[in-house]
Every structure is written in C-alpha cells, then in structure tokens.
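Novice: Here are the chains, one letter per residue:
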Amino acid sequence: MRQQRWLGPVMFMPAIIYIVALVGVPFLMAFVYSVGDVKVGSEGYHFVGLHNFKSVLQNPTFLLALRNSFLFTIVSQILVLISATMLSLALKNAFPGRRFFRFLILLPWVAPVSIGSIGWKWILDSLYSVINWVLVRFHFVSQFDTPVWLGEPKLAMMSVILVHTWHMMPFATVILLAGLTAIPKDIIEAAAVDGSGFFRTQFQIILPMMLPIISVAVLFGAIFTFTDMTVIYILTRGGPYDTTQVIPSLAFFTGILGSDLAEGAAISIFMVPLLVIATYFVLRQAHRAEVT
Amino acid sequence: MASPKRFRTWFALIVTWIVRLTFAVLLAFPFYWMLITTFKRTTDLYNLDNNPFIFNEPPTLEHLRLLFTETMFLRWVGNTVFAGIIVVIVTLLLAVPAAYALARLTGGWGAQVGIAVFLTYLVPSTLLFIPLSKVVATLGLQDTIWSVILVYPSFTIPFSTWLLMGFFKSIPRDLDDAAMVDGLSRWGAFVKLMIPMSTSGILTVVIFAFTLVTQEFVYALTFISSASHQTVGVGVPTFLVRGDVYYWGSLMAACIITSLPIGILYNFFLDRFIEGFTVGAVK
Chain W
1 MRQQRWLGPV
11 MFMPAIIYIV
21 ALVGVPFLMA
31 FVYSVGDVKV
41 GSEGYHFVGL
51 HNFKSVLQNP
61 TFLLALRNSF
71 LFTIVSQILV
81 LISATMLSLA
91 LKNAFPGRRF
101 FRFLILLPWV
111 APVSIGSIGW
121 KWILDSLYSV
131 INWVLVRFHF
141 VSQFDTPVWL
151 GEPKLAMMSV
161 ILVHTWHMMP
171 FATVILLAGL
181 TAIPKDIIEA
191 AAVDGSGFFR
201 TQFQIILPMM
211 LPIISVAVLF
221 GAIFTFTDMT
231 VIYILTRGGP
241 YDTTQVIPSL
251 AFFTGILGSD
261 LAEGAAISIF
271 MVPLLVIATY
281 FVLRQAHRAE
291 VT
Chain C
293 MASPKRFRTW
303 FALIVTWIVR
313 LTFAVLLAFP
323 FYWMLITTFK
333 RTTDLYNLDN
343 NPFIFNEPPT
353 LEHLRLLFTE
363 TMFLRWVGNT
373 VFAGIIVVIV
383 TLLLAVPAAY
393 ALARLTGGWG
403 AQVGIAVFLT
413 YLVPSTLLFI
423 PLSKVVATLG
433 LQDTIWSVIL
443 VYPSFTIPFS
453 TWLLMGFFKS
463 IPRDLDDAAM
473 VDGLSRWGAF
483 VKLMIPMSTS
493 GILTVVIFAF
503 TLVTQEFVYA
513 LTFISSASHQ
523 TVGVGVPTFL
533 VRGDVYYWGS
543 LMAACIITSL
553 PIGILYNFFL
563 DRFIEGFTVG
573 AVK
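As you go down the protein sequences, you meet chains W and C in turn. Residues in the first sequence are numbered from 1 upward in steps of one, following the numbering used here. Residues in the second sequence are numbered from 293 upward in steps of one, following the numbering used here.
One thing to keep in mind: the hints can contain errors.
Here are the simulated DSS-like pairs of lysine-lysine, each with C-alpha atoms no more than 27 Å apart in a straight line [stated by the list, open to error]:
| # | chain 1 | residue 1 | chain 2 | residue 2 |
| --- | --- | --- | --- | --- |
| 1 | W | 54 | W | 39 |
| 2 | C | 297 | W | 185 |
| 3 | C | 297 | W | 39 |
| 4 | C | 484 | C | 461 |
| 5 | W | 92 | C | 297 |
| 6 | W | 154 | W | 92 |
Treat the hints as calculated values from the structure; they're not laboratory data.
For reference, chain C alone in the conformation it holds in the complex (with noise of 0.2 Å):
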C-alpha cells in the first residue's frame, strides 16, 4: 500500500517532470522547426495536405547548396568572424587592465566607477544609434564593418570590466604584495602573475565578446546598409529576402548553423555571465 506521503512524492516528481518537458518542447521547438526545415524539398515545404513535422519526400541538400554558394551567407560569416576578433582585442586591451586597476590600485572610490561603468552596459542602442548614426557618418565609416567594430567595444568594455573586477577581487592582495616584495613592480605583478592567473575570467571575456558580436542586431542594421558588409545577425533576415520571396529552406539553414555554435559556446561561460548581474541578491 502506498502512504498518503509516498503518493505524494510521486505526485510532485510527476509534475515536476511535466514542467521540464513541456518547457524544454516549447523553447527548443523553433530550432526542430529550422533543423527539419533546412532537409526539406521544397515540394514537401509548401504541400499543405501533407504532415509538416516528418519527410514526406525524401531529405534534399539542395538548400544548403543554395545557401553556401548563391546567397552572401559565408561572406556575412566571414564579416562577422573579422569584427568578433577584433572587438575582442580592444575589450581585452582596454577592459583588463582597468578591471585590474578599479580592483586594486584605486581604493574605495574603485568600486563606485566600477558601478557606473557596469551602468553604461545597461544605456540601450535603441537610445544612441540616432546620434552614433550621425558619429559614424563623420569618420566616414557609415557602411563598412568598421563602424560596428567602432561600436561594439562600447557595450563589451563595461560588462566585461565588470567581471574581471570580480575576477581580480577574488585573487587574494597578498601574491600581488608578495611577487613585488620580491622584486616585481606593480606592473611587473599585473603582467606577470595576474594575467597568467586570471587565463580562466580573461577567456570569459573573449567569448562573451564574441557572441556579443554575433547577437547584436540594432547597430549593424542602422550603419550597414549594403548586403556584402553586412554581419550575419542583420544578412540573414534581412537579404535572404528576395522582393517578397522568402526561401525558408536556406533562410532557415542560415538560422540553425548560426544558432548552434554559438549556443555551445555562450554555454561554457554563462554561470560567470549571470553572476554579473546577481552580485548582491545572491549569496
């Protein structure tokens, strides 16, 4: 006989399985839809008689064919890849050594333009495209994948500050005090002991960065007009479009290889990224 109490444990493993199936379903499902979409013939794609969540026909590569060699998709890969690396230097470049000196060499008042800087993350490119538009414009960058790489270190600098601060806090003051006791100056500590310690929060940054690039939508649509410099976020829904065409096969191909590695990899450095943003409400 099962107790009332055991009945109950049952219960709640039930439901609490219900949830995680119903919702992993709902959020995965579009990306099923892109995946099963880009192995369709088109045949298949447009009969309405048929079943849409199976082959009714058999798999075609032809819009992987499509998209690889008639679409721009590989040069907006391409374009994207070139202003991801290179946003990635700046924020490294500018980004590490400040985290550093905000944590360390500033004293109190560190913490309060480290806060400020964090805010500036949350200032939203729908409040400064209009006058960046105007910005760009005038260094004569208005079309070209410069502008963006321009722009972007502006939303990475400060988040990425904002977690190597933390990093930099977590590694106790006395190996800096100890490594300069024995000789090193204190740029000489920065270089050669906290970098090297830090490899783990500094590969945070680049990858953070990186998929940063690759999310971002607003600007690289306001300065970019032209379908050859666009970054594949804006090229894909944007210039897969042929008049009133959509080639959902390809388009939807577009969407699964893009969206895939770029989950895996933001995956890798989400716990750190969340705790960006829960310092203080959680302990």
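Okay, chain W solo, but in the shape it has when bound (with noise of 0.2 Å):
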C-alpha cells in the first residue's frame, strides 16, 4: 500500500505536466499576449493594458468577423441538427448495405477537413464548376452570368457555412444514432401497439427522449465550428473582401502573417466566453454520468 501513494502520481504526471505546459502555459500566455506589445522577432514585453482589445474593438473587419463567427456557427448548426437527425432516423434500423452507407456518409468527417474544402473548391470553381453547368443545363442561369460561388460575399458566406456543414453533419449523426440505439426498444413497441403511425412515433415519441443526446451533439458542434478557420481559409482565406472573416481566420492574419502577436492574441481570446460556457455544459453532463 505504502507503493501505491506515489506510484499513482508517478504515472499521471507526466501527461499532466505535458498538457499544462502545452495548453495550460500558452492559454496563460495568451491573455498576457493580450494585455502587452509583442510583435514577431521584438524582444521584451510591456504591459499596455486594454490598448489592443480597444483598437480591436475599434477595427470594423473585426466586428464584421464577430457577427460572422455567430451568423457561421449559428446557421451551420442549425442545419446540421435538423440533417443529422433526419439521416439518424433514417440509418436507426438495420438495413442491407447499411455499413457501407455508414462508410459513405462518415467520409466528410473522417477526411482531413482541409484536403475535403479543396474538392469544394474545384467544386465551386468560379469556370468550371460542375453546379454551374448543371444550372447552365437546365437553363436556370444563362452561361455568361454563372454565379461565382466564392467570389461574391453573400454566395461566399453561403458556401463556407454549406461545406462547413458538409464536413460536420457526420460527426452528429454518428452522436444521434449512438443516442437512438440507447433508446429501448419496447417503448417503441409500446407506442406502435398504441396505434401511433411511424411519423407520430418518430416526432412525438423518440424525438423527445433523443434531447439530450442531441445537446451534447450541438455543444461539441458549436465548439469545432466556432474556432475553426480550414475551411474559410482554404476557400475564401475570408474574402471577399473580409466578408467571410471569423475571429479564428482573423486572428491567425491579423498574429501569425501580420506579424502582430498581441493584437492577434486579443482577437483569440474572444473565443474564451463560448469555451467557458462549454465548460459548464461539460462538467454538468459528466456529473449527471456520475451520479446516475
């Protein structure tokens, strides 16, 4: 017994001092970054205070990147909750060929989401598009006047929150369907004893009891997508003229190419009120597991 009071900690610490001094130390140093002048290559460190957070505040990109981290997280989330749940309904049952569906569906979130934003942007090139000479086929739009998906900010913001979508429906299904399967089945039965058709069932019977499961699939949603720059920065890099800028693509052009490392650094931290709120969410889920 006497072993076992250090050997526990001998085993866990090295993985904590890892993580403290990779994510704990630059979460730190973040906030400092962000109260003082450090440029890339300057040497030393003064204290100014508010002064970055204050010409951040005063910088319209950066409010322009603010509202679109919400309008790109909000609408992205929203339709991935409503495609997720329909496709989970849909995969619930086992059905031939199932497997490979699953393979199918899984593949724009199990790929490197960078390398899948590059297929979108053959997808969407401003020539040769394949949707534009589908639309051209049909006649919905003339061939001297193809929209140009990625070029235009309305069409662009469109695009980036599509294939964001795109890249993210996977991972919630997959959350939904282990939620569905974890639902019993004689309550199901139960219902369809009851008289109540498949539609009834699906809406007024599982969609309730799927609830919690679908707050967990939209939390860790909200989190990936709000502080994620891929897929803006392969498509737009946050143009057109900024119009499709978040405060993660912003912070790395205002930190990492500007140079300006502090000012980046105060842009970032904006993340920190969303992860709080996370963190709430995390923990309460993880003390329910607990005490259950």
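Make one complex out of these two single chains by using the hints.
Specialist: Written out as structure tokens, the structure reads:
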C-alpha cells in the first residue's frame, strides 16, 4: 500500500506536465500577450493594458468577423441538427448495405478537412464548377452569367457555411445514432401497439427522448465550428473583402501572417467566453454521469 | 387491397430510403468528384461543352504521374507518417499510465482530474497557436516537422487519457487485486496484466492519435513554412498550387489518395471515439 501513494502521481504526472506546458501555459500566455506589445521577432514585453482590445473593437473588420462567427456557427449548427436528426432516424434500423452507407456518410468528417475543402474549391470553381454546368444545362442561369460562388460576398458566406455543414454533419449523425440505439425498443413497440404511426412515433416519442443527446451534439459541434478556420482559410481566405472572415481566421491573419502577436491574441481571446459556457455544460453532463 | 396501415408502412419505408440515398449522394459526392477528376484528361476537364460527370475522352494516368514524380507529395506523406509514428509513441507512453493511475490509484479525485484533462481537449488550436508559435521559435523548432511533433501530443494525450480511463474502469478491480495477492506489485499488475488486457483500447488510441495527426491543419500551417517540411494536410492544399494555377487533376488525385485510407482507418474505431463524447448522455 505504501508503494501506491507515490506510484499514482508518478504515473499520471508526466501527462499532466505535458498538458500544462503545452495547453495551460500557452492559454495563459494568450492573455498575457493580449495586454502587451509583443510582435514577431521583438524583444521584451511592455504591459499596455486594454490597448489591444480597444484597437480591436474599433476595427470594422473585427466587428464583421465577430458577426460572421456567430452567423457561421448558428446557421451551420441549425442545418447540421436538422439534417443529422433526419439521417440518424433513417439509419437507425438495420438494412442491407448499412455499413457501406455509414462509411460513405462518414467520409466528410473522417477525411482531413483541408483536403475535403479543396475538393469543394474545385466543385465551386469560378469557371469549371460542376454546379454551374448543371444550372446552365437546365437553363436556370445563362452561360455568361453564372454565379461566382466564392467571389461574391453573400454566395461566399453561404458556400463556407454549407461546406462546413457538410463536414460537421456526419459527426452529429453518429452521436445521435449512439443516442438512438440506447432508446429501449419496448417503448417504441408499445407505441406501435397503441396505434401510433411511423411519423407520429418519430416526432412525439423518439425525438423528445433524443433531446439530451442532441444537446451533446450541438455542444461539441458549436465549439468545433466557432473555433475552426480551415474551411474558410481554404475556400476564401476570409474574402472577398473580409466578408467571410471569422474570429479564428482573423486572429491567424493578424497574429501569424501580420506578425502582430499581441493584437492576434486579443482577437482570439474573444473565443474564451464560448469555451467557458461549453465547459460548464460538459461538467454538468459529467456530473450527471456520476450521479446516475 | 392494401390496407391504410400497410400503405403507411410502405410510405415510411420509401421516405426512409429517399433520405438515406439523398444524404449519401450529397455527402460522398466530393469524393466521387475527386476520383473522376484524377483520371480525366486536362482537355476534357477544361471543355465546358463536355458533360463533366462522365469521361468524354479516354482516362489518363498523367495527373498521377505528375503528382508522384514532379511534386513533393510523397515527401509530405513521409513527413506525416514520421510525425504520426512519434506522436503515437509519445501519446502511448504518457496517456496509458496516466489513464490507469487516474482510473485506479487516486480514488474519487481521479475522475475530477480526468474531466479536467478532457476539457483541455476543447481548448482550440486557434487560441493557442499565437503563444505556441513563440514557444516553437524559442526552442528553435520553427519550420521543422519537430514543431508539430512537439505540439500534437497536447491534444492527443487528453482525449486518449479520457478514452483509456473509461477502458480501464470497465475491467473489474478484482483482477488487479487477485494479481497482487499472487505476488505482483501494483506496477507489475499494470504492466503484465492490464496492458495486455486492454490491447483493443490501446489500438484505438494508436489509430486515433495517428488520424488526428493526418487531419490537423492549423498548427502545421502556422509553424512550418517551407514546402519540403510540410505535412500532407497543409502541403496538398497550399503547395500544389503554383502561383494562381491549380493543377486540378493532380490536386484531386492527392485528395482522394489521402482521404480514403484515413477514412477507412478512422471507421474502425469511430464508435469508441463517439463514446468519449457521449458519456453521461447515453445510458
């Protein structure tokens, strides 16, 4: 027993130290940078108070990015939620080829997102877009007036939202499927005996029982969406004219490419409130798991 | 005569299949598109009068030849595999003992630490990349593959520890106790009994850590600037473009070659990955 007292810490401390050094410390450094004057290659550090935050909040591009971040996250998560719910209900029961279907449906999530996005860049190409080819072919648009998906502000925003939805939807679907398989079969059978039809069973019995798992899918989906810049970086680089810029991509362009570490850090700090809210919900979920 | 009940069942079945097929087509279409673009001749790709869904000219291997002989694609694949292997080893060395200790040796607060560790997985790369770029520069690792090898375990360890904790908890405590009664030390029980018993959990972590390395984009983009040191996830979308010219055939070839193996690999352990997120909400 004496051995146990130090064996536990010896076994978990290396992992904890690694995480503290490369997540905890940089996390705090982000705050320190945001109230300082650090630039790439500069020496020393001077405390400048809230100067960076002031300058960020006066920057119209930042305000646009903040608005876009919410638009991007909320719209894509609503779309993810509706489509993942439909799809998970359609995949719940065994059917021939289910495994293959699952593989196809998961591809957008499991393939590297930068690679999937570049595939979309080709599909949305300004000249050779297959979507435009279909639209022209069926006379929805004229051959000389095809939509420029990534070059026109509204269309570009719509495109990045849809591509991100495409990427995140499989993840939500499998989470919902995990929840669905946990719903006891006898409840559904009892409903059928009582004369509840297929659609009524879906909407009035299964859907309400799915609510806890839906909240899990939305929670993680919203964090991964609000803090991601890959789809936007590949498709539009935040353009045209910063109209698809979001908080993480603006932090990258300002802090890394623009070498203004302090201002980039100040921008990225605006993601923290969402993380705090998410943390609260994760803790609540974990607490519930322990109690029951 | 079909009864209304029967009709409703058929209707439900048809709707279900329409949903399945529609989503399968929408979700998998880009990968079909990568595949067909890979084998199309350039003249076929860039002729707007051609039907883009089929081969209007005979297929070609030219794009693949270009990709493998005239670009750094294989080098990026090599870099990624190299980084992946080292990250997997580091992750296993740190996460397996940590998970066991937190599941078995610490009593009640082990679970709390476990949750705290899981929470660090949610801290995004887009918040940490600015400070980490300074850390990487201070250590002299900028523009080398070692920069990402250093940083990637910071997100593979938290999730792996969390997954393995669940795994160790599912093994009955009596087994370790019995082994220790039989004369093994706690450490001996861990090495000789628990590790062999959790092979499938450890394998999950291996695949998980490896696929995360192949999928990561932001850190590699931030820390590595020269093409020859890049990983495949950043190299393909940023360095296969020369000036403003996209070599779509080779680009799509690289995409499909990278996506499919990772996709297949990921599929094997996905259920356990999802369990990690749904603890508490699914019973």
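Novice: Run every hint past the structure and note whether it holds.
Specialist: Against the structure, the hints:
1. 54/W - 39/W: holds, 17 Å
2. 297/C - 185/W: holds, 21 Å
3. 297/C - 39/W: Violated, because 71 Å separates the two Cα atoms, which is more than 27 Å.
4. 484/C - 461/C: holds, 17 Å
5. 92/W - 297/C: Given pair residue 92/W, residue 297/C holds - Cα atoms ~21 Å apart, limit 27 Å.
6. 154/W - 92/W: Violated, at about 36 Å.
Consistency note: the structure conflicts with the earlier hints numbered 3, 6.
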